[in-house]
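If you count by full-length UniProt numbering, then the sequence shown holds residues 1 to 210, one letter each, in order.
The set of hints was computed from the structure by calculation and includes no laboratory data.
Computed from a predicted structure; not experimentally measured.
Idealized CB from N, CA, C, for every residue including glycine.
Check the hints yourself; a few may be wrong.
Have a look at the derived ranges for each label pair, beta carbon to beta carbon [unchecked claim]:
#1 SER79 x ALA143: 15 to 25 Å
#2 THR152 x HIS205: 17 to 27 Å
#3 THR37 x ARG202: 17 to 27 Å
#4 SER49 x TRP163: 22 to 32 Å
#5 SER46 x HIS205: 17 to 27 Å
#6 GLY99 x GLY45: 14 to 24 Å
#7 HIS205 x SER65: 22 to 32 Å
#8 ARG64 x GLN35: 45 to 55 Å
#9 GLN165 x GLN42: 23 to 33 Å
#10 VAL203 x LEU15: 50 to 60 Å
#11 VAL203 x GLY121: 15 to 25 Å
#12 THR152 x GLY56: 18 to 28 Å
#13 GLU195 x GLY45: 17 to 27 Å
#14 GLY147 x SER49: 12 to 22 Å
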Amino acid sequence: MTLLEVLIALAVFALVAAAGYTALSQGLRTEERLQDTRAFWQRLGSVLSLMRRDLGQVRNRPPRSPAGEWTLAFEGSESGAAMGGRTGEDTLFRFVRGGSTSFREGPASPYRRVAYRLREGELFRLTWPRLDAPTGLEPREVALMDGVEEVTIRYLAGQDRRWAQRWPRGGAGAGPGGSADAGLPRAVEITLEFEEHGRFERVFHVGHPR
1 MTLLEVLIAL AVFALVAAAG YTALSQGLRT EERLQDTRAF WQRLGSVLSL
51 MRRDLGQVRN RPPRSPAGEW TLAFEGSESG AAMGGRTGED TLFRFVRGGS
101 TSFREGPASP YRRVAYRLRE GELFRLTWPR LDAPTGLEPR EVALMDGVEE
151 VTIRYLAGQD RRWAQRWPRG GAGAGPGGSA DAGLPRAVEI TLEFEEHGRF
201 ERVFHVGHPR
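Could you put together the complete structure from these sequences and hints?
The following block contains the structure:
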């Protein structure tokens, strides 16, 4: 074999190796994207299932504040900006749910206060160990999903079947003596928007069918 033939063989080998490396790199990137997509769908499915269970267990039992005043059993805004309190800028909605008795956190209760919060593109679920909150009681915060660009929420009233951008409508009073709108919405429509995966809309029934 002449020197020229050796050089030609080396050049061909280099081209084949480069093509193989490129194909391998593209394959690895494709597999990584597929894994990320599968992980996203799994997380999204888990979050939507959790919301469905939470909202399906909502109860119209107004809790008391640390000062002993009645608060709303269900309170929500369109995107979190309208909610008051220390977590007001990013709390999407909060409510009282049943079916969550705990014997490790004081006297057993069938009720639990729950909230969903959006902060810097990450969705959180908050739970309080007791319904009627004593002073200084902090919620347990669990991160559910990141990469959330926007959350939009609407609430369906049970009285006139109209959608509202916040709940309760029209400043309804809290506590057992409040107006009908101080109770529970009939359903909640939640729209989650992601920069890479688009927009997803779900409607969840609230509480027992009625």
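For each hint, the structure was consulted:
Taken as a hint, the range 15 to 25 Å holds for the pair SER79 and ALA143, whose Cβ atoms sit roughly 19 Å apart. Remark: the range hint 17 to 27 Å for THR152 to HIS205 is upheld by a beta-carbon distance near 19 Å. For the pair THR37 and ARG202, the beta carbons lie near 19 Å from each other, so the given range of 17 to 27 Å is met. Separation of SER49 from TRP163 is about 24 Å and conforms to the stated range, judged on CB atoms against 22 to 32 Å.
The given range of 17 to 27 Å is respected by SER46 and HIS205, whose C-beta atoms sit roughly 19 Å from each other. Distance hint check: the CB atoms of GLY99 and GLY45 are about 21 Å apart, consistent with the given range 14 to 24 Å. Between HIS205 and SER65 the Cβ separation comes to about 28 Å, which falls inside the hinted range of 22 to 32 Å. Look at ARG64 against GLN35: about 47 Å separates their beta carbons, and that is inside 45 to 55 Å.
For GLN165 and GLN42, the Cβ-Cβ distance of about 31 Å falls inside the hinted range of 23 to 33 Å, so the restraint holds. One distance hint, 50 to 60 Å for the beta-carbon pair VAL203 and LEU15, holds here, with the actual separation near 57 Å. The supplied range of 15 to 25 Å is met by VAL203 and GLY121, whose beta-carbon atoms lie about 24 Å from each other. A C-beta distance of roughly 21 Å is found between THR152 and GLY56, which places it inside the suggested range of 18 to 28 Å.
At roughly 19 Å, the beta carbons of GLU195 and GLY45 sit within the given window of 17 to 27 Å. Evaluation of the 12 to 22 Å hint for GLY147 and SER49 yields a pass: the beta carbon distance comes to about 18 Å.
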